[in-house]
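Visitor: Residue numbers (this note's numbering), protein chains in the order written: chain A, 1 to 421; chain B, 1 to 421.
The hints are simulated quantities; they were obtained by calculation from the structure and are not laboratory data.
This list has only true hints and no planted wrong ones.
Each pair may be met inside one copy or between any two copies, as identical chains are not told apart.
No farther apart than 25 Å at their CA atoms in a straight line, the calculated lysine-lysine pairs in the PhoX-like style are these: (1) 396 <-> 357; (2) 161 <-> 421; (3) 233 <-> 161; (4) 161 <-> 269; (5) 54 <-> 33; (6) 421 <-> 269; (7) 405 <-> 375; (8) 87 <-> 38; (9) 351 <-> 378; (10) 269 <-> 233; (11) 233 <-> 375.
Protein chains: 2
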Amino acid sequence: MVKIGILGVGTVGASVANILEANADIIEARAGKKIVTKLGVVKNLSKDRGVNIKLSDNPYDVVDDPEIDIVVELMGGVEEPYKLVKKALENGKAVVTANKALLAYHRYELQEIAGDTPLMYEASTAGGIPIIGALRNGLAANHIESIQGIMNGTTNYMLTKMINEGAEYEDVLKEAQELGYAEADPTFDVDGFDASHKLLILASIAYGIDAKPEDILIEGIEDITQTDVAFAKDFGYEIKLLGIAKKVEDGVELRVHPTMIPASSMIAKVDGVMNAVSVVGDCVGETMYYGAGAGGDATASAVIADIVDIVRGNTAPMLGYKKCLEGSAFELLPEEDIVTHYYLRMEVNDKPGVLAKITNELEQFDISIESMLQKPHKNDEHVKLLFTTHACQELKIQAAMVELKRLDCVHGKITMMRIEK
Amino acid sequence: MVKIGILGVGTVGASVANILEANADIIEARAGKKIVTKLGVVKNLSKDRGVNIKLSDNPYDVVDDPEIDIVVELMGGVEEPYKLVKKALENGKAVVTANKALLAYHRYELQEIAGDTPLMYEASTAGGIPIIGALRNGLAANHIESIQGIMNGTTNYMLTKMINEGAEYEDVLKEAQELGYAEADPTFDVDGFDASHKLLILASIAYGIDAKPEDILIEGIEDITQTDVAFAKDFGYEIKLLGIAKKVEDGVELRVHPTMIPASSMIAKVDGVMNAVSVVGDCVGETMYYGAGAGGDATASAVIADIVDIVRGNTAPMLGYKKCLEGSAFELLPEEDIVTHYYLRMEVNDKPGVLAKITNELEQFDISIESMLQKPHKNDEHVKLLFTTHACQELKIQAAMVELKRLDCVHGKITMMRIEK
Numbered sequence: 001m002v003k004i005g006i007l008g009v010g011t012v013g014a015s016v017a018n019i020l021e022a023n024a025d026i027i028e029a030r031a032g033k034k035i036v037t038k039l040g041v042v043k044n045l046s047k048d049r050g051v052n053i054k055l056s057d058n059p060y061d062v063v064d065d066p067e068i069d070i071v072v073e074l075m076g077g078v079e080e081p082y083k084l085v086k087k088a089l090e091n092g093k094a095v096v097t098a099n100k101a102l103l104a105y106h107r108y109e110l111q112e113i114a115g116d117t118p119l120m121y122e123a124s125t126a127g128g129i130p131i132i133g134a135l136r137n138g139l140a141a142n143h144i145e146s147i148q149g150i151m152n153g154t155t156n157y158m159l160t161k162m163i164n165e166g167a168e169y170e171d172v173l174k175e176a177q178e179l180g181y182a183e184a185d186p187t188f189d190v191d192g193f194d195a196s197h198k199l200l201i202l203a204s205i206a207y208g209i210d211a212k213p214e215d216i217l218i219e220g221i222e223d224i225t226q227t228d229v230a231f232a233k234d235f236g237y238e239i240k241l242l243g244i245a246k247k248v249e250d251g252v253e254l255r256v257h258p259t260m261i262p263a264s265s266m267i268a269k270v271d272g273v274m275n276a277v278s279v280v281g282d283c284v285g286e287t288m289y290y291g292a293g294a295g296g297d298a299t300a301s302a303v304i305a306d307i308v309d310i311v312r313g314n315t316a317p318m319l320g321y322k323k324c325l326e327g328s329a330f331e332l333l334p335e336e337d338i339v340t341h342y343y344l345r346m347e348v349n350d351k352p353g354v355l356a357k358i359t360n361e362l363e364q365f366d367i368s369i370e371s372m373l374q375k376p377h378k379n380d381e382h383v384k385l386l387f388t389t390h391a392c393q394e395l396k397i398q399a400a401m402v403e404l405k406r407l408d409c410v411h412g413k414i415t416m417m418r419i420e421k
Numbered sequence: 001m002v003k004i005g006i007l008g009v010g011t012v013g014a015s016v017a018n019i020l021e022a023n024a025d026i027i028e029a030r031a032g033k034k035i036v037t038k039l040g041v042v043k044n045l046s047k048d049r050g051v052n053i054k055l056s057d058n059p060y061d062v063v064d065d066p067e068i069d070i071v072v073e074l075m076g077g078v079e080e081p082y083k084l085v086k087k088a089l090e091n092g093k094a095v096v097t098a099n100k101a102l103l104a105y106h107r108y109e110l111q112e113i114a115g116d117t118p119l120m121y122e123a124s125t126a127g128g129i130p131i132i133g134a135l136r137n138g139l140a141a142n143h144i145e146s147i148q149g150i151m152n153g154t155t156n157y158m159l160t161k162m163i164n165e166g167a168e169y170e171d172v173l174k175e176a177q178e179l180g181y182a183e184a185d186p187t188f189d190v191d192g193f194d195a196s197h198k199l200l201i202l203a204s205i206a207y208g209i210d211a212k213p214e215d216i217l218i219e220g221i222e223d224i225t226q227t228d229v230a231f232a233k234d235f236g237y238e239i240k241l242l243g244i245a246k247k248v249e250d251g252v253e254l255r256v257h258p259t260m261i262p263a264s265s266m267i268a269k270v271d272g273v274m275n276a277v278s279v280v281g282d283c284v285g286e287t288m289y290y291g292a293g294a295g296g297d298a299t300a301s302a303v304i305a306d307i308v309d310i311v312r313g314n315t316a317p318m319l320g321y322k323k324c325l326e327g328s329a330f331e332l333l334p335e336e337d338i339v340t341h342y343y344l345r346m347e348v349n350d351k352p353g354v355l356a357k358i359t360n361e362l363e364q365f366d367i368s369i370e371s372m373l374q375k376p377h378k379n380d381e382h383v384k385l386l387f388t389t390h391a392c393q394e395l396k397i398q399a400a401m402v403e404l405k406r407l408d409c410v411h412g413k414i415t416m417m418r419i420e421k
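Here chain A stands alone, though its shape is the one from the complex (with noise of 0.2 Å):
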């Protein structure tokens, strides 16, 4: 018998508690042993919890208890977790973790500690989707080209309201928090800090990367206006939030940002509050995976994988990959250097010799327009240009911007999305 203590008995870690129970038959066929929860630590102990498990308040309760083989960690922050997860670590217990936050800071201090002690985090990136198990295990013969998901269910739900009902973004904020959706301070999500941690996560499994969310490229979806929605109908793409992993010559590109993908592709069609992520390896080609990114059933249900995992000793280290190629592990690329395709959506004086003002400074950089689209603006005196264009460096088009920005016949923001084909 296998004894687990969870720490944090919230949403998912009530859920773990009773999926533990109600489907003991399966989970113990699978796992080879029978799987028991002996302790739940919650903050307050007076709140009905739904659970027929014992309960403290204490949580070295469990991180101390020599009975208990696997802490699963489900408490959200990140300071007091850390301190749990290394004591529980330190005492030889195995540890599963949801924590994404967490694993975004301390991942690789987390599995020195571990050693070879079980660390593991199916839960922490996408959800319910095994696609940690599918970057583990299933995709293991390859180099991995790049990783493209979306990875944020507030976001997505909002981009496919904007996209197929037409609705600005305040109101589909609006209507998403009402829901429950997002929260009434919804940066975490809409600025793309919840994606950026699984990002990294994803990026450490796949090319051993030790970044921070403040080392890369982050941007959120609250500039995105119907104007960019129509833009992208008209050109055949979609609109999705996407954590992008990439292998280039140099290094490997990480970022966070709305992203203009062709319509046809199929990450382009996963709607509403689903996650998905797709995995380009050098053998397999594409590879996609798909589900609730959220909830309490679907996120447990991954937290129970990494337990039968741990009983069954499918334990290699997570960040394998970087321990075994010491050395030649990737090198982040700086952001500067990302080379992709830009759209660009800009107001602009409805005057002859504008367009070739805005061209000239534009060949100044090297950057060249691959479409444009002009339309008109409620101020008659001014028109809305928007443009994609081929392929540049992040570099040039930043400092393009300033410059573009600098003309007299520009007004106002100049808006930039990322376009990846």
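Chain B: place on chain A using the hints.
Guide: What follows is chain B alone, placed relative to chain A:
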């Protein structure tokens, strides 16, 4: 160092040998050991295979070599590979096979012979997609509610062409043959047999069902016409050849047939030669796995994933569920007890009272019509009658079709297709 021998160095076998060499760095990093191909076996030694490995024309040079740890069987056929795999397992060697026909007929006997020796077959189902890994590991917490898979690229290519380009079956088949997607004798693909082998393998892992192809409902795509395609479009469906395994109250339905599915479902969006498998678990909800279902490198990716799993020790028996739950594995539901929605197409007299006759006949079998479309036929005296039914039992629709065919007002063949909502 781990030594493998490859039985059958055709397209997939050559890819396995070449990828083990080209990607040796990452494979060793993930497996924890170096993996080398000691010997490949071919029938004709004089043919160039494009590999840097030693070749023999005697399979026992692999199967009986005490230095070889893992035998990779990629021969095709059933009885010859059965004999060799059996011998390899008896010699204590782990076996990896991509041979779906072998497994469709002998997976339980081979698992019995294997005992605790690893017998793995990720590549047998949906090519490079790690779907077996998902069922064994990633979804271990779940009772599987259903599996729906596009597991044959040839037929999906043909159906995509018929739907997107309005092409007729015979023309598309010819084109698929010219492109090498379909064999000169296309029966194995278009009649659904290939998909049925894969479905049986997945059903074993999910439900422990020991059935053979001849035990289950298998129908092909030959009878589909542009009339059906147009109807499906009008009513919001796509047509896909699906392998379906579904848990119902009295057992598990296993069936392969062209299926009308809502165009909004993810699996409906999978086009061309690609494969995808949608799995619904009781905790995780729907997950879907998408990728290349064939091709040397993609299939080799799955073969090598199994090899790495064996080296790592991630080798719980594939059919572990049945093994551990003796007596409580599921039963195959008899074909006639399947309950679903149906689409019928028939040619009838263009006269008053005909519709009443048909609906009366259906009523005798408790079948009620859900939607209907009547189309003029080139023969002016006949019309095409297309309709869908509410959920009813297979036994009743089959009996009703016999009676309908007997009616004077019904001419020629009645075409039936099942609908999954």
